[in-house]
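Asks: Protein chains in written order, with the working numbering: chain A, 1 to 116; chain F, 117 to 230.
Do not take every clue at face value.
Unchecked claim - Think about it this way: if two alpha-carbon atoms lie no more than 30 Å apart in a straight line, the pair counts; the simulated DSS-like pairs of lysine-lysine are:
{"#": "1", "chain 1": "F", "residue 1": "Lys168", "chain 2": "A", "residue 2": "Lys103"}
{"#": "2", "chain 1": "F", "residue 1": "Lys183", "chain 2": "F", "residue 2": "Lys160"}
{"#": "3", "chain 1": "A", "residue 1": "Lys115", "chain 2": "F", "residue 2": "Lys156"}
{"#": "4", "chain 1": "A", "residue 1": "Lys73", "chain 2": "F", "residue 2": "Lys152"}
{"#": "5", "chain 1": "A", "residue 1": "Lys103", "chain 2": "A", "residue 2": "Lys55"}
Derived from the structure by calculation, the hints contain no laboratory data.
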Amino acid sequence: AQTVTQSQPEMSVQEAETVTLSCTYDTSESDYYLFWYKQPPSRQMILVIRQEAYKQQNATENRFSVNFQKAAKSFSLKISDSQLGDAAMYFCAYRSDMEYGNKLVFGAGTILRVKS
Amino acid sequence: DTAVSQTPKYLVTQMGNDKSIKCEQNLGHDTMYWYKQDSKKFLKIMFSYNNKELIINETVPNRFSPKSPDKAHLNLHINSLELGDSAVYFCASSQVFLGNSPLHFGNGTRLTVT
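Please work from the sequences and hints to get the whole structure.
Replies: Here is the structure:
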C-alpha cells in the first residue's frame, strides 16, 4: 500500500491566487513528521515546510501553510499569493522514528503551474 | 559555501562501465543518504549512513556500493552500469537520524547510461 498519496498529478493557479495541494498518508503511529519539498526545474530539492504530528497548530512559513488533519491522515499545502517562482514539483513526505525504518518516504509529487 | 554538494552534476556513460558519484556536506550532520529519482520523478531511498555506519540498505542491486570515509562524505560507486540505472541520484544529509531532522539535499546527479 502507498504510504504517501498525492492525488493531484498536476495543478494550475493564476499568479496572486491561492492553491491547495493535497496529501494523505497511511500510518498506525501517533508520533511522526510530515514535510513538503519543492523541486523547481533546476532539480534542487528544497524544504518548504514541516509539521510534527504532536503539534495541533498548523505550520506556517510566510505564504506557505498546511492544513494538518491528524484523524483524517491528511496534510495539505496551501500557497497564498502564488508567484511565478512557485512553479515546481511539490512532494509530500512522511517520516516516523517507529515505522518504515525511519525512512523519509515521498509521495509521487504534484506539478504546480503558475499562470501570469 | 554549498551545504550538500555532489559531483558530477551530469554523467553520461556506456553500459558496462563503472562510475562514482561523490557527495560532501559541510553542515556537520551525522547522517547521510542516497536517493534515486526515476523518470517518473519518484524518489526512493537507497542507502543511509549514520556516523559512517550503514543503517539503511534498501533492495538495490549489489552493483551499487556506498562508501563513507568520514561522516562528511558519502560516495556512491556503481559497477557494470545498465540502461535502467539512468536516473537522477540525490545525496542528502540530516543532523541526526531522527524523524524530526529534515533532510538537506544536494542538487542531484543526472546519470545517463547509453
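Asks: Indicate, hint by hint, whether the structure satisfies it.
Replies: Verification of the hints:
Distance restraint check for F/Lys168 and A/Lys103: the Cα-Cα separation of roughly 17 Å lies within the 30 Å cut-off, and the hinted pair is therefore satisfied. Restraint check for F/Lys183 and F/Lys160: satisfied, since their Cα atoms lie roughly 19 Å apart, inside the 30 Å limit. A threshold of 30 Å between alpha carbons decides the hint, and for A/Lys115 with F/Lys156 the separation of about 24 Å falls inside it, so the pair holds. Distance restraint check for A/Lys73 and F/Lys152: the Cα-Cα separation of roughly 26 Å lies within the 30 Å cut-off, and the hinted pair is therefore satisfied.
Under the criterion of a C-alpha separation no larger than 30 Å, the hint pairing A/Lys103 with A/Lys55 is consistent with the structure, at around 21 Å.
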